[in-house]
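J.: Join these two chains into a complex; the hints should help.
Protein sequences appear in the order of chains A and B. Anchor point for the first sequence: position 83 equals 84 in my numbering, and the numbering is continuous, going up by one each time. Anchor point for the second sequence: position 11 equals 46 in my numbering, and the numbering is continuous, going up by one each time.
Treat the hints with care, as some may be off.
[As the list claims (entries may be wrong)] So the derived list for chain A, only partly shown, Cβ under 7 Å to chain B, looks like this:
| no. | residue |
| --- | --- |
| 1 | Gly41 |
| 2 | Gly43 |
| 3 | Leu44 |
| 4 | Leu46 |
| 5 | Ser95 |
| 6 | Thr104 |
| 7 | Phe107 |
| 8 | Gly108 |
| 9 | Pro109 |
| 10 | Gly110 |
[Unchecked claim] Which bits of chain B does chain A cover? Going by a derived footprint, with three or more residues having C-beta under 8 Å, they are:
| no. | region |
| --- | --- |
| 11 | 79-92 |
| 12 | 137-145 |
Source of the hints: derived by calculation from the structure; they are not laboratory data. This structure is a prediction, so every number in the text was calculated from the model and none was measured. We put the beta carbon where it would ideally sit given N, CA and C, even for glycine.
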Amino acid sequence: DAGITQSPRHKVTETGTPVTLRCHQTENHRYMYWYRQDPGHGLRLIHYSYGVKDTDKGEVSDGYSVSRSKTEDFLLTLESATSSQTSVYFCAISLTSGGSTDTQYFGPGTRLTVL
Amino acid sequence: AQSVTQPDIHITVSEGASLELRCNYSYGATPYLFWYVQSPGQGLQLLLKYFSGDTLVQGIKGFEAEFKRSQSSFNLRKPSVHWSDAAEYFCAVDNSNTGKLIFGQGTTLQVKP
Numbered sequence: 002d003a004g005i006t007q008s009p010r011h012k013v014t015e016t017g018t019p020v021t022l023r024c025h026q027t028e029n030h031r032y033m034y035w036y037r038q039d040p041g042h043g044l045r046l047i048h049y050s051y052g053v054k055d056t057d058k059g060e061v062s063d064g065y066s067v068s069r070s071k072t073e074d075f076l077l078t079l080e081s082a083t084s085s086q087t088s089v090y091f092c093a094i095s096l097t098s099g100g101s102t103d104t105q106y107f108g109p110g111t112r113l114t115v116l
Numbered sequence: 036a037q038s039v040t041q042p043d044i045h046i047t048v049s050e051g052a053s054l055e056l057r058c059n060y061s062y063g064a065t066p067y068l069f070w071y072v073q074s075p076g077q078g079l080q081l082l083l084k085y086f087s088g089d090t091l092v093q094g095i096k097g098f099e100a101e102f103k104r105s106q107s108s109f110n111l112r113k114p115s116v117h118w119s120d121a122a123e124y125f126c127a128v129d130n131s132n133t134g135k136l137i138f139g140q141g142t143t144l145q146v147k148p
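Isolated chain B, as found in the complex (with noise of 0.2 Å):
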């Protein structure tokens, strides 16, 4: 069946710090790769999605991603990290183009003053 893995439940770094997400999955073919966040009571916001070409993607507020095929991942990550990056992501994925996304379970940021 077709899942999405978040290893990281729970991580906390320090305001400064840098910062990676992981996300792995398991499709036949290349997906549609998203990443997300949600803010404490809020619905979830875009933060980056990959389709095809370069497999480092830039998103909002300094975030980027890369796609390994090798490795079936698209990490999360953030040179430096801000208290207000304290929030939830979730890796998303899509594999046919129906726009059916199929979420990981999310990891927990906590930022450290």
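Looking at chain A on its own, in the form it has when it is part of the complex (with noise of 0.2 Å):
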């Protein structure tokens, strides 16, 4: 158990709403990342950090921006929600470098729709 938290579990908003996810570690790892999951798509990487203030885009950021102020917090919003973001949202750890030879953890994930 990489002590993974994600919340909230579900949440239903609006059209044009902020939105705020949170991703909460427990084993003070440096690697974070932010996924989503859609149908026909598998998981697509929306954003990373590598470190406290460092982060990066990764295939799917339009429309997401990310926060990390502590190294146990990874924070992903939705600045105007959109019903195309309507999905399931997963964090995910790497417990040493980050690179790909390191496994990475998953969270429970958090399902968000979008009205």
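T.: Right, dumping it as structure tokens:
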């Protein structure tokens, strides 16, 4: 158990409202990731972080921003939610280096519905 | 563009039968390859990974996968499926050693009694 929690686990919101999802880890790992999962697309990387205040974009970053002010928390923000952002969002961490030789451990996911 | 293809969206096998899930990738060089499993309502769990060396990789839960460079494939196998193996399976690759994984679309496995 890599000690990853996500909050909220479920959220329903309306188009145009801001939404923040939280990923919290208890193990002080450096690398953290946000993915979205949609039918027919598998998981796609939104943003990732390689340390406090160090973040970078993934393949589907438009409409999302992230912040990491503490090692243990990685926040994903939808500034103005759209229906196309209805999805299941997963946070992941790498235990050591963040490279491909390291295993990524996934949180339980957040189901977001944008009406 | 880099891509990962899992040709089978849904597979049904009988309990005790053998299983093979297909994964093909499109890259210039040998990537790092992974198989993950997702049970309903859960996050993803790593089954196995390949970086180099022996092309037959053993994983957890009795799964194995074989890397075939000539076919750009990394197929997942299990000799005898159990009902608890019913889940969604994802193949993933990273050819840049950055930890930025690219996933296939997933294959849903149903196990018949």
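J.: Given Gly108/A as an interface hint, is its Cβ closer than 7 Å to any Cβ of chain B?
T.: holds (6 Å)
J.: Do at least three Cβ atoms from the region 137-145 of chain B come closer than 8 Å to Cβ atoms of chain A?
T.: Holds, because 5 residues of the region 137-145 of chain B bring their Cβ atoms closer than 8 Å to Cβ atoms of chain A.
J.: Interface hint check: Ser95/A, Cβ to nearest Cβ on chain B, cutoff 7 Å. Holds or violated?
T.: Check passed: Cβ of Ser95/A comes within 6 Å of chain B, closer than 7 Å.
J.: Using the nearest Cβ pair, does Pro109/A come within less than 7 Å of chain B?
T.: With a minimum Cβ separation of about 5 Å from chain B (threshold 7 Å), the hint on Pro109/A holds.
J.: Examine the region 79-92 of chain B for residues whose CB is less than 8 Å from any CB of chain A, and state whether their number is three or more.
T.: Three-residue rule met by the region 79-92 of chain B, so holds; n is 5.
J.: Do the numbers back the hint for Leu44/A, that is, is its least Cβ distance to chain B under 7 Å?
T.: Given a least distance of 4 Å, the restraint on Leu44/A holds.
J.: Hint Gly110/A vs chain B: min CB-CB distance below 7 Å?
T.: holds (6 Å)
J.: Hey, does the Thr104/A contact hint survive, CB to chain B under 7 Å?
T.: holds (5 Å)
J.: Measuring from the C-beta of Leu46/A to each C-beta in chain B, is the shortest one below 7 Å?
T.: holds (6 Å)
J.: Does the interface hint hold: is Gly41/A within less than 7 Å of chain B, judged Cβ to Cβ?
T.: Holds. Min distance 6 Å.
J.: Given Phe107/A was flagged as interface, is its beta-carbon under 7 Å from a beta-carbon of chain B?
T.: holds (4 Å)
J.: For the restraint on Gly43/A, tell me whether the closest CB of chain B is nearer than 7 Å.
T.: holds (3 Å)
Hint compliance for this structure: every hint is met.
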